[in-house]
Amino acid sequence: MNPVAASLQLATTTAAQATAIGWQGVAFAGLLVVVAVLVSVQQRLGLQRPLAEASVRALAQLLVVGFGLRLLFAPDVSILWSVGWVAFMVLFAAWTVTRRAPTVPGLLPRAAISLGAAALVTLGTVFGLGIFPFEPRYLVPTAGMMVGNTLQAGVLVVRRVVDELTEQRAEVEARVALGQPWQQASRRLLRRSLRDALTPQVETTRAVGLVFLPGAMTGLILGGVDPVDAVLVQAAIMFLILGGTAIVSVALQASITGQLFSDDDRLVPLPR
Amino acid sequence: MSHEDAATLLGLDGVTVTVPDGTVLLHEVDLAIPADRTTVVVGPSGAGKSTLLRLCNRLEVPSEGTVSYRGTSLADLDPRQHRRCVGMVFQRPVLFPGSAADNLRAADPDADHAALVDVLDAVGLDAALLERAADALSGGEAQRLCIARALLTSPEALLLDEPTSALDEDSRDEVEGLADRLRERGVTLVWITHDQAQAARLGDNVVALREGRVVFSGHVDDARAAGVLREQAAS
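Keeping their order, the protein sequence lines are chains A and B.
Residue 1 is where the first sequence starts when you use this note's numbering, and the numbers rise one by one after that.
Residue 1 is where the second sequence starts when you use this note's numbering, and the numbers rise one by one after that.
In isolation and in its complexed conformation, chain B is listed as follows (with noise of 0.2 Å):
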């Protein structure tokens, strides 16, 4: 089976992580994750659910298989380049020390003023938060300033690994509402989630993990069909 068709952004071909231990994470996964969707990934808890955006982001590399961008095979790939051009947003908002405008120049150093108003506007978020010190931002701010740090990279993907677990339900609403904004944009998201509402509210297309083996990838009507979603939210 090939995943390298001219719609598939990151394919991954009969991909095996084993970590030192001997504990294998994602057992001969083939997927093919489409340009210009939005792709949920469910499973429970252990299932290699960050594990597979990790490889997509370059953070974890195959024991065995291929995973590739654009065709193309990340061994061959410049890996700064290609995690520009894929982006990563982790769980917990990760923001470097500084100011808001500190953390949007790690990602750009030549963005200009205008450019980080630009960035964060894309995300909701007033101008008057650049001079702001992170650590003094909300838990939906900061995660949404993380989003914007990753977009000044002008990513053709963004994995996003339950980037609204750790928020309140107010938040975890500022940041889902960014996901049309951000296909707006034109930018593919890969984003993992418990939340079974969430990925039906979200989801193009539904891949569903579970001990390390992909036991469903497909449209998220089919999946509820199949009712994978439900099955996930029974695990």
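Next up, chain A with everything else stripped away, as it sits in the complex (with noise of 0.2 Å):
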């Protein structure tokens, strides 16, 4: 194992208590959640309601993650059951694409190919080469930030083809009427969309560390990780979304634009 692991796995077993806030906690960070009520309120914005009603479905839905995830990770619990959570994660991240995206057809097998694809090859990376052991501890969480990465790329990039080829039509079309094949009459539109897509990523990987500690390095700091370890497993996890990011977004961009146009090149209806 290698060094970084080893500090983790030491990591984990140890500061358990360190990080065991309790009902009470939660209870006391809730209090700001009645804070944002307050202000709604007094600047009559309306989302008292779903403010309240966000804050207790992430707390259900977390606890319910909790609890699955403490049932996964018990020792004598097959690996299996791990990679078929990373399974729905996976469809419910292309269903949710898909729903960003009502009108573009074909989108849930596409759209669950591609991020499945990417996070065969992130996590592929991640275990194949030793960055961390291949358990449920390691194996579920990662995942979880990756597919969570890339369902954001993957809706981007479906959002912006869409937009681009609509707002652009005529522009398409004046190429098209041409005789150019639609490859060429869309390429300049569709290189802006994948550009926009990556391009939060960059920008996201770029500031890390500067303007915010991503949530996997706090979450190893708060868990008693020396820093600097925290800090590697923090690099190789950006680098890997940054690669899964990019993954989703060529790929799904070049299997979804095929079904935008018809075999002679002519650009479908695409209500928005």
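Just so you know, the hints here were simulated from the structure itself, not pulled from any lab data.
Heads up, a few of these hints could be off.
If you only want the chain A side, here are some residues facing chain B, beta carbon under 7 Å, derived [to be verified]:
| id | residue |
| --- | --- |
| 1 | Ala170 |
| 2 | Glu173 |
| 3 | Ala174 |
| 4 | Ala177 |
| 5 | Gly179 |
| 6 | Asp264 |
| 7 | Val268 |
Note that beta-carbon positions come from the ideal geometry of N, C-alpha and C, so glycine has one too.
Please dock the two separately framed chains into a single complex, following the hints provided.
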């Protein structure tokens, strides 16, 4: 086992008490939601109910996940259950992408394949190279970070492709009318949509550490891991997220764009 | 009725176009657009004029019926090759980012400098414009550049969808003045217009549409005699 993974295992066995905040801690933190509700009332934002609902829902979802993970991480439970959990995450992420762009035909299987491919490559790298041990405790949270971030890129690239082709339909049709194949007619716009989808992750990567401390690193430090070891883990994860984001963006864009054009290069109607 | 005799460049036989919400844009249209002539298409807004032109460039396909080019159904032709034979110019000039030369090379990447100068000359534009940014051109220059771009594919026909409606009077005269030059190059023109006087000035033939149906198709003198042009103006 590499030194970082060894350090992580040591930390996870010793830091449980240090991070157990209990219901009382959650309740104190929840007071800040009350502050947000009061701001909403004072500013007449009408967000009291959504704020309360979102907070309760988040807590409920996290508790379900927490109890689920406790089951998965039990010593005698097969890692295949964790693999199934990751597969469910990928499918749910694909469904989320589809829901955000319902006008794109055949999106669900394409999103699932793109997100699945990115998860396979990134997690394969993490566990294949022994960055983390292939155990449920490492697999599920790492996959969560990968799929969560690539999901955002997937939603963004699909929406940007639809927006670009809708807003710039005149340019696409003018190019097609000259006899250009759809791949050429849409190239400039697709390139721009891909750049837009990748830029947030690039900016996040650029600002990491200076502007914010990302979740994995924060969690490790709170859990008692040496900050330098936590930084190394975070750096590895950031690079994988960056790669995963690129894989999903390119694969999803390539696979859906053909669905938006007919065999004779006509752009299909795209209600937004 | 056959629309596929030797003089017919573009033919429509029983063409109906229905959009997904059920609206019928064209109803069983039979039409023959002759080669080497200027056909003007008139009719009120929503009559189906633009749909007719888009069918001819295959930017639309009929729900029923057949569109043909020189007697061959467009479904049997290579769409990209067909679009280069039957060019299209839109109501508002659509210029691509880059210079005027970049725009022209979008139609023919292999065109050399002399070819670009030649096609600019054909539409009455100066060669000095070649390196100018496309978004710095006036409305009239932009529309003429669009026509030049379409000419670079050496089309047999040009479909012009109200090419002067978004232009001021001087620019309109510039673009209209191209009609004779294009005919001298042997290009068949299909020109949509709302302007009765323009239709009378430019057209050899007139096609009048109303509510997706052809209500007149014939020589411009017959259109005048039948009161079609006046009728369209009243519409």
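Here is how each hint holds up against the structure:
no.	hint	result
1	Ala170	holds (5 Å)
2	Glu173	holds (6 Å)
3	Ala174	holds (4 Å)
4	Ala177	holds (4 Å)
5	Gly179	holds (4 Å)
6	Asp264	holds (4 Å)
7	Val268	violated (10 Å)
Hint compliance for this structure: hint 7 is the single one not met.
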